[in-house]
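Protein chains: 2
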Amino acid sequence: MFRLIHIAINEARRGMQNNHGGPFGAVIVKDGAIVSTAHNEVLISKDPTAHAEILAIRRASQVLGQFDLSDCEIYTTSQPCPMCFAAICWARIKRIHYGTTSEEVASIGFDDGHIYSIIKGEQPGEIESCVIEREACLELLKEWENKPDKQMY
Amino acid sequence: MFRLIHIAINEARRGMQNNHGGPFGAVIVKDGAIVSTAHNEVLISKDPTAHAEILAIRRASQVLGQFDLSDCEIYTTSQPCPMCFAAICWARIKRIHYGTTSEEVASIGFDDGHIYSIIKGEQPGEIESCVIEREACLELLKEWENKPDKQMY
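Line order of the protein sequences matches chains A and B. For the first sequence, my numbering gives the first residue as 156, with consecutive numbering after it. For the second sequence, my numbering gives the first residue as 156, with consecutive numbering after it.
Note that these hints are calculated values from the structure, not bench results. Hints are not guaranteed to be accurate.
Claimed, not checked - Residues on chain A that point at chain B, a partial pick, calculated with CB under 10 Å:
| no. | residue |
| --- | --- |
| 1 | L159 |
| 2 | I189 |
| 3 | G264 |
| 4 | W299 |
Note that CB positions come from ideal geometry on N, CA and C, so glycine has one too.
Given only the sequences and the hints, what does the whole structure look like? Please build it.
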């Protein structure tokens, strides 16, 4: 729906003009009705996770009172970065409508493509990872498995 | 540091026992001092993005008053999912210390490995993606490029 992506575009523009963050906006919709809107707030909130899609998901889950957004679709001005794409997976959103690609976003200086490359194993990345106390952490997973009242999500 | 991963383990256990979420905890450290701690809160907050690492990053950025956590390291009981790994990249954290692997986490029913496979292009995934209003969204990126007072992040 063209109306919905234009609401996301207006959110993005408003956020950029007010120096809240980069030029990105998102809208979450259920049965054609808007559940939440958001724009990037990394700069104003000083929170590196405050991407438009993450904020829209967080708000939608509060509005609907559930972490499962499987009846929802997301409209976002740019293709989600890996953080936001995985968040969309966890939220079980079934359809993403986006405007510009990761490559186009990378061309104005945002690093989405680089992070995709690291995850795909195409580049080594700068982050060192090391394993520590595996046995003690494995114990946590066993405790979860044996927990009689656990709720899966 | 063994002390730090055990703080993350205790966080994870407390969160699981109180039914806040899955058995996952994280600690962010700067110059050997703890900046933030968190456990998974997906169930209690009904927010699918409320993983331990995301909450620890969000809290650390509030404590330090900056979105750049490049002087920090993260201790997390399990290998970060793609959402959390990308969040760690955006936060510019340089080192991850983790206990159990994505495969071990998958074995108790959490879907990290599946999301990694989708991002790597090894499986198609269930999410449909479609492009909409690319030109209008591209205009946003141009506006950002031409914005004289933009702050990159």
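Structure-based check of each hint:
| no. | hint | in the structure |
| --- | --- | --- |
| 1 | L159 | holds, 9 Å |
| 2 | I189 | violated, 16 Å |
| 3 | G264 | holds, 6 Å |
| 4 | W299 | holds, 4 Å |
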